[in-house]
Amino acid sequence: MSGLQGPDPNERARPQGKRNEQGFRIDPEAAAEPETRRTVISALVENEPGVLAKVSGLFSRRQFNIESLTVGTTEDEELSRITLVVEESDPGIEQVEKQLAKVIPVISVRELADDAVQRELVILKVNGGSQPDKVQAVTEMYDGTTLDAGPRTITVQITGDEQKINDAIDAFRQFGIREIARTGQAALARGERWTAATEGSQATEGAKGTYADDD
Amino acid sequence: MSGDGATPVSPNTETDRGDDAAEHDETDRTEVQTGASAVIRALENAGVRYAFGVQGGAIMPVYDALYDSAIDHITMAHEQGAVHAATAYGTVTGDPGVCMATSGPGATNLVTGIADANMDSEPLLALTGQVPTDFVGNDAFQETDTVGVTRPITKANYFSSSPDTVGGDVSEAFGLAKMGRQGPTLVDLPKDVTQGETDADPGGPTTPGTYNPAEEADQAAVERAAERFAQAERPVILAGGGVMKADACEQLYEFATEFEVPVVTTMPAIGAFPEDHELSLSWAGMHGTGYANMAITMTDCMLAVGTRFDDRLTGGIDTFAPDADIIHADIDPAEISKNVHADYPLVGDAKAVFEQFHAAMPQAPEADEWLEQVAQWKDEYPMDYEMDEDGPIKPQFVVEVVDAATADDTIVTTGVGQHQMWASQYWTYTKPRTWVSSHGLGTMGYGLPAAIGARIAADDDQQVVCFDGDGSFLMTCQELSVAVREELDITVFVLNNAAIGMVRQWQDAFYEQRRMASEYPWMPAFDKLAEAFGARGFRIESYDEVEETVQEALDYEGPSIVDVFIDPEENVYPMVPSGGDNGLFALSEDQL
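Each protein sequence line maps, in turn, to chains A and B. Position 200 (the first sequence) corresponds to 200 in the UniProt record's numbering; numbering is contiguous. Position 58 (the second sequence) corresponds to 58 in the UniProt record's numbering; numbering is contiguous.
In case anyone wonders, no lab produced these hints; they're calculated from the structure. Small disclaimer: the values here were computed from a predicted structure and weren't measured. Note that CB positions come from ideal geometry on N, CA and C, so glycine has one too. Among the hints, a few may not be true.
Claimed, not checked - If you want the footprint, here are the derived chain B segments under chain A, 3+ residues with CB under 8 Å:
| id | region |
| --- | --- |
| 1 | 149 to 156 |
| 2 | 325 to 336 |
| 3 | 582 to 589 |
Okay, chain B solo, but in the shape it has when bound (with noise of 0.2 Å):
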């Protein structure tokens, strides 16, 4: 895992995976000839060393350049699978992933992961070929209007118009997408424009004169709100994903362990402050920690760095923080005060507006009794489940299993749905960049192809495994061909309890039981289905089973499924109802 994406790795530097890299030398390095080599020299000048993608006609003399490059291309069976790959391989380097599709269904296929990681901020680069110039509005054979379809899903997007200038808009695409706030970018390919011949050489990653992101928040604001954060009798810090994307953990550590913040972090920024630390409490919001969602009710003063606040987060609007001075950080001047008013707002990036305010704080807040009675919190409402040897398995202690069973630095993924709660809240997370999940969108099937990018970001000696739901699997599980073929060493456990389980849980607490489609009467074998791909396949439906089965599939050098009999009723809980208050969380159904 490189954390730090100032410094491009060249594309010529011997890769983790130790693979053709290495047989390509400067000599190899992509001539610019045409459009599409000037497309591939632009990601190689940005340090690209992996693309995810799916080959097709308007796409293909890109594909053709790539041949020459020391750019390793991961074949995906679908192209949603290769802009999850690409988001989550952008999740745990912290550079924009690159994922390609041909035009039409090519690029509508990648259309849920556009929106998935602009809901995240996630840094990507989409490439999409598109039909030549002279075909585009005549409704030609795969075309279909990508620019306009992505257009309120990306950061930016570029119809690309000339040989001359579309290396320029990859190096654009590329430096938008990692600048400022993070998010995906898309340029759109036409054929004639990647064949045609140029020797433009696009140069490195920029970004235009017109976004200029500040750096610094503003100094006196910084130092009028550490002086109220400093008066605190109640403080919070609340650290979102923005935290993560600045690289801002170690700051964020500094600031909270110095001045003794208790920490809550969003969904997004699991892993930014050691969970196993005195001062964290977990994550907030709607199924959150009993302890983090009382600490972000009962605050006076609560630090918000790099989160937009979300529904899932703050519930309903008129009973989040209600008795709250909010100091809200953010490099996204547009989220101050969007949803939730900042009495304090700050404008700048999570790595300088913490050194900032570490620097600008007068003193530690007086809060002893409020560090009392958060612990307090923390004893009276424990993460705890229920288990009965002979009863049915808990998912809970599955996902406690595996986290023992494995490193601190475990990368994580997992699809949407309640396997994605369970993963959340029983796996202890130490390290930033190995929580990989789909927040905003709430994207299923975004855990298996997420496990594939994450993979390949990650160093070789660090272990990747991924908690699925059935539903979830069953939507994207054909990119275990690609695990297969690529030979990743990945772990899926498939959390089974043959439901679309949240639906269920939902339908049960409010649409008064009647499960209506959220049931899936008939299964797939999931390990047999493994088997018949050529990944490994394991099934538990017993408590005795499992410490052996995980410990079975994580040695196993390759991919593979395990598939898990869970309780097919347990629930996922602490819960705040849809818009509800964050401090009435329920403990079960009886108290919704």
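Next comes chain A alone, as it looks inside the complex (with noise of 0.2 Å):
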């Protein structure tokens, strides 16, 4: 009895490689952080008390990084869509999507293609009711609509993809903008393909419980 033996740390055999913060095997001497990439997640959900509640405790515990989520009901009076936008790395985005489909109301997860169909709503009010005809053509060059008009402030919407708000928006400044009301991202996946679907619609592919091996 005699305590603890054995050649010391420096003395030990020791392995040639390394891996980086993700826990990829990497070279030494190259180790790089690997870039984030924006992309649109879709879920469909039970509509239950609580779902929403899951989702949106589930990023802030694991401290993804969102920049939209909306959530609204769908063609099927029992199911919601919560559309994501994220901002993470691939192995972030992967986790994103098993994450979600851990949680148990939630049907499918699925990443939408870059070609997506996405739409986002803002109503904007700005000080422009001295000068109504001005905003009344900028509205028009962004095919909004004029909700409300009064003596000071006039009150538009705008629909679009994130570009096209951004843009309308710095547009609208000149006039001083009040107040802004953003939805966030409503996306669905372009022509046939399924955006993220029950069993029944053949559209399981990348739903709960199965892991997608891109090799």
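Join these two chains into a complex; the hints should help.
Shown next as structure tokens:
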């Protein structure tokens, strides 16, 4: 009985390799941070109380970088669709999808392709009462609609993808923007492809419990 | 111990404890008349025999329904004791343990234990009372948003909304706790819901249609992985807690012994592979064996099953098995490539995956040199400690003496800290489900209530011992009253160093020996405390008392506490510092 014995740390056999922070084996000389990218994830969930709390709690707990989250009912009154815009590295996006799929009332989850149909709605209230024609011109330029016009303020709605909304907001700044309400992105896959669907709709690939083996 | 949870045990069959369950017959079975009796019927239908809990206002209707049931309720001193006992019951039996508490403080007292079960994927069902639905949200007496509080620490939780559906909620919560990746579930029971009338039978355990964990892994993926593993020059198996949870220990044994692959376990998987087998390297990680840490560092191909690559196992990710192709099998797809990238991902149940993998192996890896190397590491880094017969008692010696004095299938529970590490390092575990501890959450105070739950779950002839620390024991020692009242034969060894020893060890190593709030200048006499509770108390102060007193305490049929005065300066080694390199484990403080 003489205590722990054995070669000192500096006398031991050593491995050759190294991993990066994501646990990938890398060339020790060329470790690089993974690049993040922006993508849209759609989830079909059961329309029951607490689902949104579960999903949003998940994102704060796991520190996922969520840019927008929308939720609304679907063609089936028992189901809701959650649309997320996330900015994460590839492993991060994979984790978002898997963690989301683990939430019990979540039926299916899918990352949408770049060509997905995406729309956001913004309601803008500007100080344009003194120059309604100019406000109208900018609104028309962005295919918007005037919702309310008063002696001092005009309220308009614009719909479009994120870039168009951002451009429109910039264009309205000249009048002085009082308030903005944005909905966040809603999105569906383009063409005949399914977005994130139920088992019956033949679109279960990538749904719960399966692992996307892209190799 | 009934490891096979596939067949629910009827609550009306005679129990191991041979107590009042036998008095009830089929006609005594709870009639479904209220939401509360539906809750109890759901538990009966699931084969539940024991529930651990504490009474209280909002849960009273459920307890009232329990009055007519064959389910045996163990009244605990504190709700934390109830949840730990239920968790340990789940660890030993493989079936969800059930705990009950009232609303507000009852429910919040469960939180630590629910979080503990969540981190260790332990099957657990928690039932909490809630204020009547009309009062919810009004800050009523003893109201807490229990569903909100426990959302991030449960696999699923439910707020029951109707007497007609509450039984079904409990059946689903029970089913989910056990199926797939196991974990804790909770059903919050508003008093008007449990008091309300219904005759809806809840049926047996179910799971929702949205929950479909994979059973078998993708066959082509298994074949690719097996092909790679067969080519390995330095293969190792890393068995995690999922192997135990899936009752896949036999499959692990058959695989490892047929293909001659060394086996390293994680801490929760201690006992999944017999530690006295020559292929066993015991467990790896922060305080794992030197040879296990060398093996997982130098391997070129690791078959990791049912592990989540916790940081206490991996150390720094940058230096974790850096030369290895990782084959990672887990039932939870979210664990694949979460912490360590999986070169060969396999999603499936550990038992099924081992069987598939076994069948798919084209041949055994040619690894004679590696096996020699591993054997050499076992010689080079034996687990050992310094011992001076005239000096203070070494805790490792006490662990070895108790191990030698007990049967192979003895269940060991622990608190959290240095004593936990010694109990895991110096006891040779050879049977599954005999190591019951708090891993991921590191919950001090786990040991005694866990011993109570384990005692109730264990076979009558199976011994249950608890190693605790003085700090850990003080956190839940009130549960001794339960052990005495229920006449439970458990023996608790308090390895007493009058300190929060693990913190003191870290202060010495990393905080320039500034021992802030880690040493206790005064400790109660635990042997006398035991006697005050009605248990037997023993004290060991020198080496010549160890063997005799240990035997005397073990022989006592009932709860006993052995206060063991250990060397207060003894530390836990080997040690990989937090975020460190497993291959550079320190054998003593000067190597940190």
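Verification of the supplied hints:
1. Counting residues of the region 149 to 156 of chain B whose C-beta sits closer than 8 Å to any C-beta of chain A gives 4, which meets the bar of three, so the coverage hint holds.
2. Counting residues of the region 325 to 336 of chain B whose beta carbon lies closer than 8 Å to any beta carbon of chain A gives 4, which reaches the threshold of three, so the coverage claim holds.
3. Remark: the region 582 to 589 of chain B is confirmed as covered by chain A, as 6 of its residues place a Cβ nearer than 8 Å to a Cβ of that chain, reaching the required three.
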